[in-house]
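Enquirer: One-letter residues, chain by chain:
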Amino acid sequence: MKRRVVITGLGAVTAPGEGAELLWKAALDQRSGIDFLSYDDDWTSVGALVRDFEPEKFIEQKKALKVMARDIQLAVAGAKLAIDDSGLNLSKTNRERFGTLVGSGVLNHELDELAYSLQNAVGDDGKIDLRKFGEEGLPALFPLWLLKYLPNMSACHISIFFNLEGPNNTITTGASASLQAVGEAYHIIERGSADLMLAGGAESKVNPVGMTHYEILGVLSKATGNDPKTLYRPFDSDAAGVVVGEGSGFVLLEELEHAKKRKAKIYAEIGGFGSSYSLGHKIAMRAALDASRIPPSGLGYVQAAGVGIRTEDALEAEAIYEVFNGCARDLLVSASKPVTGFTGFSAGVLDLVVSTLSLQNGLIPPTMNFKNADPSLGFQIVKGEPVQKKIKSAMTNCFGFNGQCVSMVTKKLES
Amino acid sequence: MDRRRVVITGMGAVTPIGNNVRETWRGLLEGRSGIGKISIFDASGFPTQIAGEIKGFDFSKWPEKDESLCLLGRNSHFALEAASEAMKDSGVENARIPKNRIGVYFGAGDGGFDFSEYASIISESLNGGSSVKMKDYRDKSLKRLTPKSVLEQEPYQTVNHLARVFQAQGTVSNCLTACAASSQAIGEAAEIIRRGDADVMITGGTHSMIHPLGVAGFNLLTALSVRNDDPARASRPFDKGRDGFVLSEGSGVIILEELERAKKRGAKIYAEFAGYGATADAFRLTDPHPDGKGAVQAMRLSLEDALVSIDGIDYINAHGTSTELNDFIETSSVKQVFKDHAYRIPMSSIKSMLGHMIAAAGVVELIASILTIREGIIPPTINYETPDDACDLDYVPNNARETRVKNVLSNSFGFGGQNIALVVKKFEG
Numbered sequence: 001m002k003r004r005v006v007i008t009g010l011g012a013v014t015a016p017g018e019g020a021e022l023l024w025k026a027a028l029d030q031r032s033g034i035d036f037l038s039y040d041d042d043w044t045s046v047g048a049l050v051r052d053f054e055p056e057k058f059i060e061q062k063k064a065l066k067v068m069a070r071d072i073q074l075a076v077a078g079a080k081l082a083i084d085d086s087g088l089n090l091s092k093t094n095r096e097r098f099g100t101l102v103g104s105g106v107l108n109h110e111l112d113e114l115a116y117s118l119q120n121a122v123g124d125d126g127k128i129d130l131r132k133f134g135e136e137g138l139p140a141l142f143p144l145w146l147l148k149y150l151p152n153m154s155a156c157h158i159s160i161f162f163n164l165e166g167p168n169n170t171i172t173t174g175a176s177a178s179l180q181a182v183g184e185a186y187h188i189i190e191r192g193s194a195d196l197m198l199a200g201g202a203e204s205k206v207n208p209v210g211m212t213h214y215e216i217l218g219v220l221s222k223a224t225g226n227d228p229k230t231l232y233r234p235f236d237s238d239a240a241g242v243v244v245g246e247g248s249g250f251v252l253l254e255e256l257e258h259a260k261k262r263k264a265k266i267y268a269e270i271g272g273f274g275s276s277y278s279l280g281h282k283i284a285m286r287a288a289l290d291a292s293r294i295p296p297s298g299l300g301y302v303q304a305a306g307v308g309i310r311t312e313d314a315l316e317a318e319a320i321y322e323v324f325n326g327c328a329r330d331l332l333v334s335a336s337k338p339v340t341g342f343t344g345f346s347a348g349v350l351d352l353v354v355s356t357l358s359l360q361n362g363l364i365p366p367t368m369n370f371k372n373a374d375p376s377l378g379f380q381i382v383k384g385e386p387v388q389k390k391i392k393s394a395m396t397n398c399f400g401f402n403g404q405c406v407s408m409v410t411k412k413l414e415s
Numbered sequence: 416m417d418r419r420r421v422v423i424t425g426m427g428a429v430t431p432i433g434n435n436v437r438e439t440w441r442g443l444l445e446g447r448s449g450i451g452k453i454s455i456f457d458a459s460g461f462p463t464q465i466a467g468e469i470k471g472f473d474f475s476k477w478p479e480k481d482e483s484l485c486l487l488g489r490n491s492h493f494a495l496e497a498a499s500e501a502m503k504d505s506g507v508e509n510a511r512i513p514k515n516r517i518g519v520y521f522g523a524g525d526g527g528f529d530f531s532e533y534a535s536i537i538s539e540s541l542n543g544g545s546s547v548k549m550k551d552y553r554d555k556s557l558k559r560l561t562p563k564s565v566l567e568q569e570p571y572q573t574v575n576h577l578a579r580v581f582q583a584q585g586t587v588s589n590c591l592t593a594c595a596a597s598s599q600a601i602g603e604a605a606e607i608i609r610r611g612d613a614d615v616m617i618t619g620g621t622h623s624m625i626h627p628l629g630v631a632g633f634n635l636l637t638a639l640s641v642r643n644d645d646p647a648r649a650s651r652p653f654d655k656g657r658d659g660f661v662l663s664e665g666s667g668v669i670i671l672e673e674l675e676r677a678k679k680r681g682a683k684i685y686a687e688f689a690g691y692g693a694t695a696d697a698f699r700l701t702d703p704h705p706d707g708k709g710a711v712q713a714m715r716l717s718l719e720d721a722l723v724s725i726d727g728i729d730y731i732n733a734h735g736t737s738t739e740l741n742d743f744i745e746t747s748s749v750k751q752v753f754k755d756h757a758y759r760i761p762m763s764s765i766k767s768m769l770g771h772m773i774a775a776a777g778v779v780e781l782i783a784s785i786l787t788i789r790e791g792i793i794p795p796t797i798n799y800e801t802p803d804d805a806c807d808l809d810y811v812p813n814n815a816r817e818t819r820v821k822n823v824l825s826n827s828f829g830f831g832g833q834n835i836a837l838v839v840k841k842f843e844g
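Order-wise, the sequence lines are chains A and B. Those letters in the first sequence? Residues 1 to 415, per our numbering, in order. Those letters in the second sequence? Residues 416 to 844, per our numbering, in order.
Just chain A, same shape as in the assembly (with noise of 0.2 Å):
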C-alpha cells in the first residue's frame, strides 16, 4: 500500500507578517503589504517588503547570519516557523528520516559588497580591468562571499540549524520553484526514503538588482494609481503586470502514520502533484488530478497562480477552463499574489499555505484588486468577501515567467 503524506506545520514570513496565521488574515481581509519602496532619493517603485524581519530572533549565531543573503535569512525563519508550528519534538525526531528541499535560484548580491573590490579593478581607460581585479579587487571580498549566494545554502544552513539529515535538495525552476520542491518532497516520503520532510522556498524579489531585472523583463505593473495596494490585479481586465515582493514559506510534510503517532494536528492530506515544462499547464493540472483520483467535478476551488501578467492569466484561466471542461462553472478559483507581491521562488509555497487553510476553515479568501472579469473568464473568480463553502480538495497552482508548470491537489484528511 502506498505511503499517505500529510501536512503538519506550516510557516511563513511575508510582507503583512510573522506566520501563517497573519499571511491567511491578510488575505481574507484583503489586507496588502505592497506600499512604495524608495531606493535612493530619486528612486521610488512598489513592493512588498518585510518591514520588520529580525532575522537575529531566528539565528542566534552572528557568524552565520553574516554569510546569510537575505533571502536565506528568511528561508531559515519560514523554516523555523513551520517547525515550530508543527509541535514536533526535535530532539525525539530521528534525524537521519527527516530532510529538506528548499526552492531558490540566482541570488542577488547586495552591490555595496561588490563596490569596494570593484573601485579597485577600474582600469587607466575607466573600464574594469580584470588583470586588476584579480590582483586588487578579489583580496577585498570577505573569504565566504560566495558562499552567501550559492543557491543550495538555503537548505544547508536549514539542515545545520536543525540537523536534518535525510535527503537534501535545491529545486531552482524559477517561480515554480518552492512548490515543485514541496511536490518532490512528497514524493521522497511516499517512496519511502525519509518520513518527514521541510520543504518550501524564499526570495527577496525587492532586492534593487532583482527588481531591475523585472523592469528589464517589462512585467513590473504599469498601472496607475496613489494607493500602491491596487496596482496588482490578477485576473482583473485592469490587470497590468507584477507588483514585486519578499517572502518565505515552508510546509513540514509527514508520513501519515508518523504523524497519527505523536498525535499531530493534520492540516491537509497531499492528493497528487503534477510537473510539466513551461507552456504545460494543463498537462500539469491534469497529472495532479488524476494522481489524486479526484474527478474535476469533485473539486471545487483552485487557488491559482493569478500572477497579474494579462497573457499570462490568460494562459491560465483557459487551461483550468478545459481541465475542469463542463464544470468550471461551479469552480471557486482565488489568487493571493495581491497581498504579499510576487515572491518568486516562494509563491508557490505561499499559495499552497493559503489553501491549506482555506481547506481547513472551509473558507475561501476573495482576489485582492479584481473588479471586472476579463470577458474570456469561464469561471467565477472569488470576489469582495471570503466565500464560506464546504470544500474537501483543492488545487494550487504555480505557472509563470517562463518557469515551469506545476499543480498540487491536497485533500481533507478522512479518517
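Errors might be hidden in some of the hints.
[Stated by the list, open to error] Calculated lysine to aspartate or glutamate pairs in the EDC-like style (CA-CA distance at most 16 Å, straight line):
no., chain 1, residue 1, chain 2, residue 2
1, A, LYS222, A, ASP238
2, B, LYS821, B, GLU843
3, B, LYS558, A, GLU215
4, A, LYS132, B, GLU843
5, B, LYS563, B, ASP481
6, B, LYS548, A, GLU113
7, B, LYS555, A, GLU215
8, B, LYS548, A, ASP112
9, B, LYS550, A, ASP42
10, B, LYS548, A, ASP40
11, A, LYS127, B, ASP481
12, B, LYS548, A, ASP35
13, A, LYS229, A, ASP35
Calculated from the structure, these hints are not laboratory results. These figures come from a predicted structure and were not determined experimentally.
Go by the hints and put chain B onto chain A.
Expert: Below, chain B alone, put in the same frame as chain A:
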C-alpha cells in the same frame, strides 16, 4: 507488485577532453588531461589561472538552428549538444513515445552570466565612496541589458530549452546542489520513472563557473589548486601533493528509460540504473563531516536500493576532487562501508583528467562508470605520484586497467553537505 526498472539507453557528453562521449572516453583511457591556462577571460591576476575549458566548440550551431536560442549561456550550449548526442544515440525521438511521458530533470548551474558588463555597470554607478548609487545602477542596466540576456542567466532556462527542442512535456525540473547536482538529478529522474510519472527522462547536468566571480569565489575559499605552472598535473586526487580542485566546465546527459518500453522498441541498453542514496551532512557550509557520516549513509542507502552487498561492487568511481579533506574523508568513508573489501575494490577519480565540472561532474562520472561496465576497462587516476598515508586504497594509478566489472558505485558530494551515491549494474535481462 514489482517496481518498474530503469535502464540507460543513450549518452552524450561535452567535456574538456572531448566534445562527445567517444572522444571523452578515449581520452579517459589514455589518461589525457583537459586542464590548461584559462583563456575565456584574463585570469592573469588571479591566484588560480588554470581550468578545464571546452575546446573547439561551435557556439553558432544552436542559434543558427533556432532564433530563440540566441544569447545562450555556455551551460545551455553544452547541454543542448550533449542532449542531442544522447537523444540520437538512444533513438527515442523516433519511438513515438507520447510527449507528456518524456521529462527533463537536470542539474544545471550558471553559464549565462556576463561579469564584465555587470561589473562595469556597478563600477560606473559608484557614489564617490564605495557604495553604489542604485538609481544609476538601474538606469544603466535598463539601457544596456536586454530581457533575453537577463532571462538566460536563470538556471531554469537550460531545461526550458531542452524541453522545447526535444519536445519533452512531462515533468521538468532542475536542481542545483553544487557538486552533487547532476547525480541527484539522475537519482530523482530514475525515481520519476520508477513511480510511473514518466517513461523517458532526459537527465544530467551542465555548468560553467569559469567566470571571474566563480574563480574569485572559490579562490577566496582557498578551494582551488594554484599549480599554475603545471596545469595538466594540477588535479591529483588522492596524491599527497594535492592542493585543491581544478575548476572545469561542460555537460553530460543520459537517457533513462523504463525497461519494458526500451525492450519493446529494441533499444540498445547500456546498463541498468540500480541504486540511489541521498543524505545531508548537516554539519558545515564547506567542510565535509569529519566522520563522513552522511557519505557513509548515502553509499549504504544506494547499495540497499540496488540490492548489492558490499562484496558485489567491482569499481567505485570516486568523487575524488583533489582537495585535502574530500579525498581523505571519502577514503575513510569507503572503508567504513566496505570494510576489508575496500582494499580490493579499484576506485579512481576521473577528475584527475577532467577537473571538476561542478554540477555536471556526477553525470559524466556515471557515463564513465557505464562504459567501464560495457568495455571492461577502468579509467585511471592520473597524476598519482606520491602516496598519502591517509589515502591507502587502490586508486588505479596512472594507467587504465582491464578487468570485468558488473556493478559500479559512483559518489558525488556537494558543497553544503549533499551526499549522493548511485549504483549502476550490467544489464542482464
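Enquirer: If a hint holds in the structure, say so; if it does not, say that too.
Expert: So, going through the hints one by one against the coordinates:
For the suggested pair LYS222 of chain A and ASP238 of chain A, the alpha carbons sit about 10 Å apart, so the restraint of at most 16 Å is met. Proximity of LYS821 of chain B to GLU843 of chain B is assessed by CA-CA distance (about 10 Å); at most 16 Å being required, the pair is judged to hold. Of the supplied pair hints, the one linking LYS558 of chain B and GLU215 of chain A holds, its CA atoms being roughly 11 Å apart against a limit of 16 Å. Of the pairs offered as hints, the one joining LYS132 of chain A and GLU843 of chain B is violated, with about 58 Å between alpha carbons and a cut-off of 16 Å exceeded.
Simply put, LYS563 of chain B and ASP481 of chain B have alpha-carbon atoms about 14 Å apart, close enough for the 16 Å limit, and the pair holds. Taken as a hint, the LYS548 of chain B and GLU113 of chain A pair is honoured in the structure, with Cα atoms around 13 Å apart against an allowance of 16 Å. The suggested pairing of LYS555 of chain B with GLU215 of chain A holds, with an alpha-carbon distance near 12 Å, which does not exceed 16 Å. For a cut-off of 16 Å, the pair hint linking LYS548 of chain B to ASP112 of chain A stands: about 9 Å separates their Cα positions.
A C-alpha spacing of about 7 Å is found between LYS550 of chain B and ASP42 of chain A, which places the hinted pair at or below 16 Å, so the restraint holds. For the proposed pair LYS548 of chain B and ASP40 of chain A, the alpha carbon gap of about 7 Å is at most 16 Å, so the pair holds. The hinted pair formed by LYS127 of chain A and ASP481 of chain B fails the criterion: a straight-line CA distance of about 34 Å is larger than 16 Å. Only pairs whose Cα atoms come within 16 Å are accepted, and LYS548 of chain B paired with ASP35 of chain A is rejected, the gap being roughly 22 Å.
For the suggested pair LYS229 of chain A and ASP35 of chain A, the alpha carbons sit about 6 Å apart, so the restraint of at most 16 Å is met.
The structure fails to meet hints 4, 11 and 12 from the earlier list, while all remaining hints are met.
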